[in-house]
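Novice: Listed below, chain by chain, are the residues.
There are 2 protein chains.
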Amino acid sequence: MKIIDKIDGMKRLRRRLAEPVGLVPTMGYLHQGHLALVKRARAENPSVVVSIFVNPTQFGPQEDFDSYPRDTNRDLALLGKEGTDVVFMPSVAEMYPEPFNSWIEVGKVTERLEGASRPGHFKGVTTVCAKLFNIIQPTTAYFGQKDAQQAVVIKKMVADLNMNLEIVTIPTVREPDGLAVSSRNTYLNPHERQAAVVLYQALSLAQQLWSQGERDAHRLRQEMIGLVKKQPLASIDYISVADTETLDELDMVNPPALVSLAVKIGNTRLIDNIVLQ
Amino acid sequence: MKIIDKIDGMKRLRRRLAEPVGLVPTMGYLHQGHLALVKRARAENPSVVVSIFVNPTQFGPQEDFDSYPRDTNRDLALLGKEGTDVVFMPSVAEMYPEPFNSWIEVGKVTERLEGASRPGHFKGVTTVCAKLFNIIQPTTAYFGQKDAQQAVVIKKMVADLNMNLEIVTIPTVREPDGLAVSSRNTYLNPHERQAAVVLYQALSLAQQLWSQGERDAHRLRQEMIGLVKKQPLASIDYISVADTETLDELDMVNPPALVSLAVKIGNTRLIDNIVLQ
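Top to bottom, those sequences are chains S and Z. Each step along the first sequence adds one to the number in the numbering used here, with nothing skipped, and position 102 is 102. Each step along the second sequence adds one to the number in the numbering used here, with nothing skipped, and position 161 is 161.
It should be emphasised that the hints constitute simulated quantities derived from the structure, not laboratory data. Nothing false has been slipped in among the hints.
Identical copies go unnamed one by one, so any copy, or any two together, can satisfy a pair.
Each computed SDA-like pair below joins lysine to any residue, with the alpha-carbon atoms no more than 20 Å apart:
| id | residue 1 | residue 2 |
| --- | --- | --- |
| 1 | K39 | L165 |
| 2 | K108 | G124 |
| 3 | K123 | I167 |
| 4 | K108 | P97 |
Generate the whole structure from the sequences, applying the supplied hints.
Specialist: Here's what the structure looks like:
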């Protein structure tokens, strides 16, 4: 497994990689969700590149960039076991040399949900992904369905700007009780960890009501809100039933529909989603 | 010479082109300046692609998108004579299918000069260039020095976003009296055409003063302003003596320095520049 920290070195190595090349972009502190992406990339490509880069431009000034968990040695050991060919882990100075000042912004689908709660977040995500795509030139890049809006935004950027790769999304990996695995779950104390299952319970309730024939999106949101509000450690940021492509809120549930929510458990903001289809 | 109007067709053809590939992006209505770019691309690459696309997103709502001159048959005849391999000439609907909404913006260097006079102009330029670069995947793209700020902005985008091509700029081609060749020169009536030489005269004056030892940038600007103001058909948009990379206005002329101006001759806005070095 080659470990590269310079852009020029990565571009040089790229020319020697067997085609097609699969890329899994990560911020490190890898969990089973990331490893599911790597396994899928490994199954589909002779060459697998994983990037580890905690991208400062996608964090707001009040967010957790400084405290975001990092454990490079553990990450490299896990990636070695999965048969990763190349790990690209540049420094912040390497990715954003002064005076860096070029940005990609996707309109409309970035304005709601995560975009509304985290101004500037998606501008950082799309810009760093475009940079990684240009540096690594993957045939396919793999993203988790847990960050559903991120996948929608990146697919839109790739289509609008005619980028030469395919974006594949992989189902969310969950703990036995249903909590979506996330690097931020490490912020939870034991009480909060128990309370955090409320996100999955709310999604499961929506799935159940949908299966029983409920088509009123407002009703689904109200039922989910009612359930989450019973959990005293939880405070709702948003609960949404939206079109999977435009992310417009729905009145009637028209499959496929994205049911998503952001909930703070104590001080930790968690997100999750399911698709009704 | 192959003529392609679809993005998929261009991407397919690209895979069969001999490397390296030179691209000359144009808005058509070709003149000797464009043909100098094509000749240079021809001399340096086994494959030469020229794009013809009058890009609506780089025109302001009050600007000349609708009246911008077009003559495709003449353009194709000229490109055939230069030994062009591929002409890519997509429609607006092909390049900007609804609901297109992804944009590239370069900060700071887009805020002054043309960017100050034409809000949104460079956002359209960088976005369409990124699209063309992704579609055509050139080894080198060739731009005219006449649009000096455009070249600075595109080089900055390519560097910041790690795009995989080189940007080459070619000296401005001039008429015998010094007027920079431009598609917009066709807007000038005979009196205005005579008056338009004032841009080159002002630049020549700056060059002469510089050669005589003048280092005060303010003095250079004042002398140029004085000269242009003597021409009754001319009205100054800006006259600038700036750093060639940051485009910051200079107090003392520190070579290389970009001397540039935008002047309206009647209703026609013209730009020109020289580099003091």
